[in-house]
Every structure is written in structure tokens, then in C-alpha cells.
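Please put together the full structure from these sequences, using the hints given.
Protein chains in written order, with the numbering used here: chain A, 1 to 268; chain B, 1 to 464.
Bear in mind the hints are in silico, worked out from the structure with no lab data behind them.
Among the hints, erroneous ones may be present.
[Stated by the list, open to error] Derived Cβ-Cβ restraints for the label pairs, each shown as a range:
(1) B:219 to A:247: 27 to 37 Å
(2) B:189 to A:135: 54 to 64 Å
(3) A:134 to B:189: 36 to 46 Å
(4) B:63 to A:206: 50 to 60 Å
(5) B:126 to A:134: 36 to 46 Å
(6) A:266 to B:189: 21 to 31 Å
(7) A:46 to B:154: 48 to 58 Å
(8) A:214 to B:22: 51 to 61 Å
(9) B:205 to A:247: 51 to 61 Å
[Unchecked claim] Which chain A residues stay away from chain B? Per the calculated CB distances, all over 12 Å, these:
(10) 33
(11) 45
(12) 49
[As the list claims (entries may be wrong)] Examples of chain B residues lying across from chain A (beta carbon under 10 Å, computed):
(13) 102
(14) 116
(15) 172
(16) 375
Where a beta carbon is used, it is the ideal one built from N, C-alpha and C, also for glycine.
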Amino acid sequence: MERLRDLWRHRALVGVLVAREVKARYRGSVLGFFWSLLNPLLMLAVYALVFQLLLPNRSPSTSPYALFLFCGLLPWNWLSSSISDGAASLLTHGALLRKILFPAEVLPAVAVFAQGVHFLLALPVLLAALLAGAFGAFGPRVPLGWALVQVPLLLILQAVLLLGIALFLSALTVHFRDVKDLLQTVLSVLFFATPILYTLKDLPKGRITGLLALNPFAPLFSGWHDALFYGRFSPPGTWAAATGISLVALAIGWAFFDRLRDSFPEAV
Amino acid sequence: MGVLRPPPRLLPGGRLSARSPVAVEARDLSKVYRRWGRTRAFGTLKSALLGRGFGKVLEPSETVSALSAVSFDVRRGETFGVIGANGSGKSTLLKLVAGLFKPTSGTLRVDGKVSALIELGAGFHPEISGRENVVINGVMLGLTRREIERKLPSIIEFSGLSEFIDEPVKTYSSGMYVRLGFAVAVHVDPDVLVVDEVLAVGDEAFARRCLDTIKEFSARGKTIFFVSHSLALVEELCDRVLYLSGGRVAGLAEPREMLAAYRLDVSAGEGTRLLAEHAVEQASLRAEESVPVPGPATASAPETASEVEAPPAERARRWGDRSATIDGVRLLGAAGDERYAFRTGEPVTVEIEATPARPLSDFVFGVGLFTPEDVCVHGTNTEIDGFMPGEFDGPARVRLAIGSCDLGPGTYLIDVAVHARNGTPYDYWRGACRFRVDSPRPEAGIWSPERSWSIDGGVSWART
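Structure representation (C-alpha cells):
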């Protein structure tokens, strides 16, 4: 708890660093911030093309599929980029830890929040797409309404989860440089193991399906699908699971990070 | 091992209200670096998970002690210098005081906000402008946004980069980078300023300016912790100096005393090195064949060395007709010990071993003393000093004792020779010996006479 207060105290620092990351990313490009809008827009266009025209949908519960995919893919992008940036964050900014008195936990947090900003910038595109979907632009109409109030909560839960994971992995990466390589593989496996391309309900009942339900990311992504695509409120069980998993991840991540903290300036 | 730390220094206004007269207090400070050795170099997550327990891999396999049992107090408002050879633990101590590293044992208490000029501009982002970097750097160093916005004009003015401040930092030269970094660091307004070797970068004008700033800090009663290899700077700036040697405190006193102790230790270490170098040099000279010389006219025997022009550098290092051969040259200290590092005023003996090819009745032993620039400091021989040759018919050892080596600090070279009275060289070794002279005081010139001052009238001296 004390450590959480530390992070809060450093919020100004996190703030300027997040702003710096975001700015630096678009510095020198003509379209600047528009890339954050344009990228998801192009992504949606490609999916729409592929899944409306080339590969028509199979399951009615995930139709229109392009929109369904979009709803899961944006949070996933935030997740996977935060995890890989976060894991590398201490090493990338090693000079700061070695040369100036710098609170290390700020670095993984900045990775998570900077990617979070990109997600937030893409959110208007998602909402516009959902609005278009509500008028049947992608085929079957999608419901749009009060369920959207769940979005801020999902944002917070995902940020907490990512913070925990990034803290854990960044500390681990300082001591084991190969985490970074391993991570790419793990993330691509997780992509398929997480209900993004499908819903758990649609899967054939079996042992594998049971296993997939244990994926710690599953409740969160069901939440995103419920809030965005299905326009319904998630059952309390999903909320409880997602909240529990996020808090546990943060607790573990923070404890691990704290234990190794003193070794960072010398080891990075 | 309770490590007392000041309240978080990154907090704006994280100052202590109660002012103790001691700004930095170190007690039995030790720092042991962990080295993970072989297991570490190839340590991967996989091997950690498959092999021994996870925790075990994180245990160090080897330790290196960088500082041991270091204790000192830095008084508030004092400029405190740290000197020592490379690897003596200066940087480690600096990082401990700056709060970057934690001591392995002992306690360190730093009272007040610390700003470290260790690496200027650490954390600048190349893609964004100087102005934005100043803001971010300021927040990193513990200012609030409001404070930094207020100080921004003064920082830009100080850095002298107002023309370029809105350009991305990646377009800056390394000097500009450092100037901007320094400008931010001094505007953090710390209670304790930790200064590393930062003044070495940047041009003369800026270095001067940095120095003035540091002096101004000192004048405002700030505590400065100063680490440098520049002894002149340490002497100029510091009130007291801590001398570290091999991670231990070798002394803590006023600058003059500590710098003298340090200089003497350095020359002692130099002596060991010179002794080894001498052996190598002698071996190579011994192996060198003498170059026959046409006649006495071109041969510059030691006694004439000061009169004839200095031998050109490319000339052979050894020449003569080998009627007699020099077998070796050594320098001896007062106790008859061989060495090549002396203190100003110490006695020095030059010892020459020589063997004649046949019994000789015409021979002179000569010694010449030169600076590396080939300026003859002194030249003498047995004839000048009144010895008339008799018989030289077997291996001999000739010693020239110099009662007091009144040379200024520096490196000197010795030529030795055996030659005929008309100057025809039998064996001439140029630069047969090289030795160092060190003085506890940084005096100038090659002559260091015994001396004293006396002044009458309206002059009095401060106590030193």
C-alpha cells in the first residue's frame, strides 16, 4: 500500500514521461496524432473487407465479425504492447537508474500508460464504428447503449492488471535478458488462448475449453465484448474474476519488483 | 543495518526543518558489489527454472569490496573533496551519497535535498525539443512543474542555448547537451550538490562558468561533495579532502596536506613501475650493438654534452668502440636499494658496472643528467672531478653519489659512458636510466633548491 502511494506521489513524473513518449512517437511524422486514429481505422477497413466479403461469418453470435474482432483486438494491442514495452522498460532506460536518483517503478508504469493513451486515442474510432454498426453498416445491427458505462471500469481493471505484469516482467528482465525473446512467443500463444477471435460460449465443450476459461485474461476480454459488442452488462462473476485477477497481479508484481529494486542500478 | 535516508528526495520541498551542522554523515560505510560470475554470464530464465532453485540463481557467486569501513562527516556549507586513484572507490562513494546505490553495511545520512551532477542530461529524449526536455529533466530531478516553468527562462539563459531551445535535442552537439543538463541540475537548488568529473566537458568558458556556479553555491552555504582527478581544482575549491585508497580512508584533512600525501603515494606506485621498466630497458640496451664512430669530433662525451648540441633523437642509443663495455646501470636510494622514483632532496647514487676488453690506462667514467626534452641538467665525469686514470684491468663498479637530488618534479634521463680522455667513446649509453622525481609541493621548474623565505615589514600570514 505504501508503495502504491509512492507511485501516486510520482504521478507528475509519470505524467510528463507519458506525454514525452506519446509526443516523441509522432515527432517528425506528417500526420502526427492522427496515426493513432488512422491505424485502427485502416485495421477495421481490412477486417471488414476480409470478413464481410472474403470469409463470410460462420457463427451468428459473433456477427458482424469485423466489429466483433475490433472490439477485442484494440484492448489486446494495448495489452501486448504494454507487456513487451514494460518488460524492457528498465533496461531501455538503464541510464536513468544508474545516473540519477530515479524511482524505478515509474518506468514500467510509463510503458503501460503511454500505450494506454494510444488505446484511448483509438477509442473514438471504435465508438464511431459501433455507432455505424448500430445502424447496420456492417451487416446485423449491434446494440449500443448503457452497457458502455462499463468501459471506464474495464480500463481501470486492465491498467491495474498490466501494471502488475509490467512490474513483474521488468524486474525479471533485468536479471534474465532472454525474457524479452520468450515473451514474443508467449504473447502470440496467449493471443489465441484469449477470447478475441471467438467467444468461450461458441467453443465445443471439452477439456481444452475448460482450460481456456482459466486464462487470466479471459474475464477481462469477456467484459470488453459484453460492454462494446453485445451491449449488455457482464455477470457479477466476470467482474469479480477480472477484479480479483488484476489485484492479485498487481500485488505479486509489486512485491517481486520491490524485492529486486535495490539490484536495479547495478544490474541494468 | 539500518540505512537512514532522508525523506524522498524526489519530493518537491522534501527538506528537513531541523538543520543539523552535519550535512552528510557516513559511519562504517561498506559497499560490496555482487558479481555473478560464470553462472551469471550465461544465466537465463530457462536454466534458472530447470536447474537450481530460482532464488539461488539470484544469489551472487562472488563479491568485490569497493568501499570498506569508510566514516566521515561533511559539515553543512562545506566543500568536501574526494581524491584517490582509479578504482579507489570514489565513484561508489559518490553514488552512495547521491542515493543511487545503497550501502552494503554501515549508515549514511544525507540531510536535505541532493542533486547529483554525475551525468548531465541523463534522460534527455533525442526526439523532443530542448525546452520540453528541460521540463521533464527538472521533474525527474525533483522539481514540480510549476517550479520548473518559473525557472525555465533562467535555465535557458544559463545554458546559452536560447536559439536552439526549440530544436530536438538530437541536433545538439555534445557540449550543448551537457550545458543544458548542467543548467537544469543547478536550478534544482539542492542542499547538497554532488559533483563528479563533469567540469571536464564543455569549452573553457563554460567550464569557468560551472566553476563559478559551484563557488556561488558554496558562498550561499550549500554543501558540495566534489570528486575529481583534477588536483588543482580540488585545491582551489575544497575546504577539506578525503583521500581514498583501495576503498579505505587513507586520510581526511585540509587539501594541501591530503594532496601532498596523495602525490607521494602516486609517486611510490610509479616507482614500482619504473623499477620494472628499468630492467626491460637495460636488457635492450645490453643487447644493442655499439655503433662504431668515426672519430672523437662527433662523439659527445658526457663532459661536453652541455657544450655540443644535444644529440638528435634518431641517433643510436649506444655507441663506442668497445675498448670497455658497460654491463649495467642502476640507481640506488639512500639505503642502497635500487629504485627509480625519488623525492626532491633525497640522495641518489648512480652505479655503473663496466669491464675493459683489454687493460686500459686511458679511461674516464662520465654521467650526464637530461630532461626528456634533452636539456642537460648536469654533466660530470671522473676527470672533471679530478681523478687521473691509472689502470683499468678488470670488471669494476663505479658509483657517483649525489648528496641531495635538488630536482623539481618530473622525469629525468641519465647518460653514462666510458671514454678516452680525448673523448673517443668506448661505450656510451644514451638514456641508460630513466627516473622520476616527485615533490610534495606542486612547484615548477627542474631545480628545487633548499630554500627559505623571510620577510620583514608589514606582512603577516594567515595560519595554514
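Okay, the hints, checked on the actual structure:
1. Distance hint check: the CB atoms of residue 219 of chain B and residue 247 of chain A are about 53 Å apart, inconsistent with the given range 27 to 37 Å.
2. Checked against the given bound of 54 to 64 Å, the beta carbons of residue 189 of chain B and residue 135 of chain A, roughly 60 Å apart, stay inside it.
3. Between residue 134 of chain A and residue 189 of chain B the C-beta distance comes to about 57 Å, which lies outside the given range of 36 to 46 Å.
4. Under the hint 50 to 60 Å, the C-beta atoms of residue 63 of chain B and residue 206 of chain A, about 54 Å apart, fit the expected range.
5. Our hint of 36 to 46 Å for residue 126 of chain B and residue 134 of chain A holds, since their Cβ atoms are close to 45 Å apart.
6. Distance hint for residue 266 of chain A and residue 189 of chain B: a CB-CB separation of about 29 Å, consistent with the stated range 21 to 31 Å.
7. In this structure the supplied range 48 to 58 Å holds for residue 46 of chain A paired with residue 154 of chain B, their Cβ-Cβ distance being about 52 Å.
8. Roughly 58 Å separates the CB atoms of residue 214 of chain A and residue 22 of chain B, a value that falls within the hinted 51 to 61 Å.
9. In this structure the hint that residue 205 of chain B and residue 247 of chain A lie 51 to 61 Å apart at CB holds, the actual value being about 57 Å.
10. Here residue 33 of chain A stays apart from chain B, with its beta-carbon at least about 14 Å from theirs, past the 12 Å limit.
11. With a closest Cβ-Cβ approach of about 29 Å to chain B, residue 45 of chain A is found to remain outside the 12 Å limit, as its non-interface label requires.
12. Annotated as non-interface, residue 49 of chain A keeps its C-beta farther than 12 Å from every C-beta of chain B; the closest such distance is 34 Å.
13. Using the Cβ-Cβ criterion of 10 Å, the hint placing residue 102 of chain B at the interface with chain A is satisfied: the shortest such distance is roughly 5 Å.
14. Hint on residue 116 of chain B holds. Least Cβ distance to chain A is approximately 6 Å, under the 10 Å limit.
15. Given the 10 Å rule on beta carbons, the hint for residue 172 of chain B is violated: about 15 Å separates it from the nearest Cβ of chain A.
16. With a least beta-carbon distance of about 46 Å to chain A, the hint placing residue 375 of chain B at the interface is violated under the 10 Å criterion.
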